[in-house]
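Protein chains: 2
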Amino acid sequence: MGRWEPDARGRLLRAALELFSARGYEATTAAQIAEHAGLTKTTLFRHFADKREILFQGQELLITLATDGVAGVCPDSTPFDLLRAGVLSLCTPHGTEQREIGRQLDALLSSSPELQERALFKRSTITAALREALTTRLDDPRQAGVLADVGIRAYYEGFDSWVRSSDDGPLADVVNRELQAYEASLITLSDAQPAPFA
Amino acid sequence: MGRWEPDARGRLLRAALELFSARGYEATTAAQIAEHAGLTKTTLFRHFADKREILFQGQELLITLATDGVAGVCPDSTPFDLLRAGVLSLCTPHGTEQREIGRQLDALLSSSPELQERALFKRSTITAALREALTTRLDDPRQAGVLADVGIRAYYEGFDSWVRSSDDGPLADVVNRELQAYEASLITLSDAQPAPFA
DNA sequence: CTACCTGATGTGACTGAGTTACATCACGTA
DNA sequence: TACGTGATGTAACTCAGTCACATCAGGTAG
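Chains as they are written, first to last, in the UniProt record's numbering: chain A, 1 to 198; chain B, 1 to 198.
Among the hints, a few may not be true.
For identical chains, the list gives no copy identity; a pair is met inside one copy or between any two copies.
As the list claims (entries may be wrong) - Quick list of in silico lysine-lysine cross-link-like pairs, DSBU-like style, CA-CA up to 35 Å:
| hint | residue 1 | residue 2 |
| --- | --- | --- |
| 1 | Lys122 | Lys41 |
| 2 | Lys51 | Lys122 |
| 3 | Lys41 | Lys51 |
Simulated from the structure, these hints should not be mistaken for laboratory data. Note that the structure is a prediction, hence the values are computed from the model and not measured.
Work out the full structure, taking the sequences as your base and the hints as a guide.
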């Protein structure tokens, strides 16, 4: 593994965050990031498919977490229980360090459509994985689709508020509250529509 | 307006679709597209911010349609009625020509993550606009968010099946059926969860 | 201790996206 | 006919990303 200086990917992430935060995303060159991490442009692109990917590394883990979280729920549970299991599994790997990274990423996202686009793509990939996991446990694929959207929405909004405020509890609590609020909204939604169509 | 050859944007779109379909998206150069449309690379980038944007021009119209569709519904209607109005408004500008374009775009999307990313971004922009329109009419922003997701999902899935099959009715009918199926799924969803939390 | 083998890195050249400053040209108008 | 305006062309440039090839650090076998 680590013969030369170890953890090239982590060094590149830190370098990128630092330079992007200082000069902005577009004004920072891939070569500058590499140099700041003690590497070369070519090596950078050996580790990451493109410049944006430096910031979004490790999101594949979330796919595994969501999928496994849903798969490990006892057979007779409600759709919302399945969803909660999947979504709360996403919260496990987030400590104080992730919060700081999230903070910086947040600031960058709000000023770069290019990064927003990639963030959205990642989010949609995770949503698709969760939807697929839910579909195998729920015979209605449409239900699975809506649930996955709602769950990931709760996760991202929970993550946002967790990142912004300093002294919330663990991420899982924030996300769980968000999820419950969505459940409530969904229920009043179909209450308001007792006989939707003939 | 149109002094030289008219409709440069339309010509670029047709050129791009033709070349992309023949050689693939990545193998086609921006200069080739421009030349095939009787223009120059520089002029191409005066009309479109980047290569992908050629294929997604005109999606701003959808934002207007969705927003206006929601705004023009009578005051005492259910949340689903609001949603239906917004989503069905999206269907008005789609004729036979749009179907052919949709067909080609569909094929391209399935083979290019780069294009998928942009398509997703457009979709999310439209969803955000619909959500905002719904929020002004629905006091629960979470409900608005879920409804917008569901509505746009129904629209895209309806559009997909409309594009694929040759002799469906008008797009609005297909999308409306899809929308009704989602409403039904949502209702059975909260039925299955009579007492969601203590 | 030496000779390899392997995988991570560096070098330099290359393609193509997108930008920019400047020139040009088609058309409408005075 | 001269002028103004907006769309286009030209050419040079930066930077993202790729590729072929050289190198170098470390482990392993003899």
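Going down the list of hints, with the structure as the test:
no.: 1; hint: Lys122 <-> Lys41; result: both (24 Å within a copy, 31 Å between copies)
no.: 2; hint: Lys51 <-> Lys122; result: both (15 Å within a copy, 21 Å between copies)
no.: 3; hint: Lys41 <-> Lys51; result: both (10 Å within a copy, 24 Å between copies)
In summary, the structure agrees with every hint in the numbered list given earlier.
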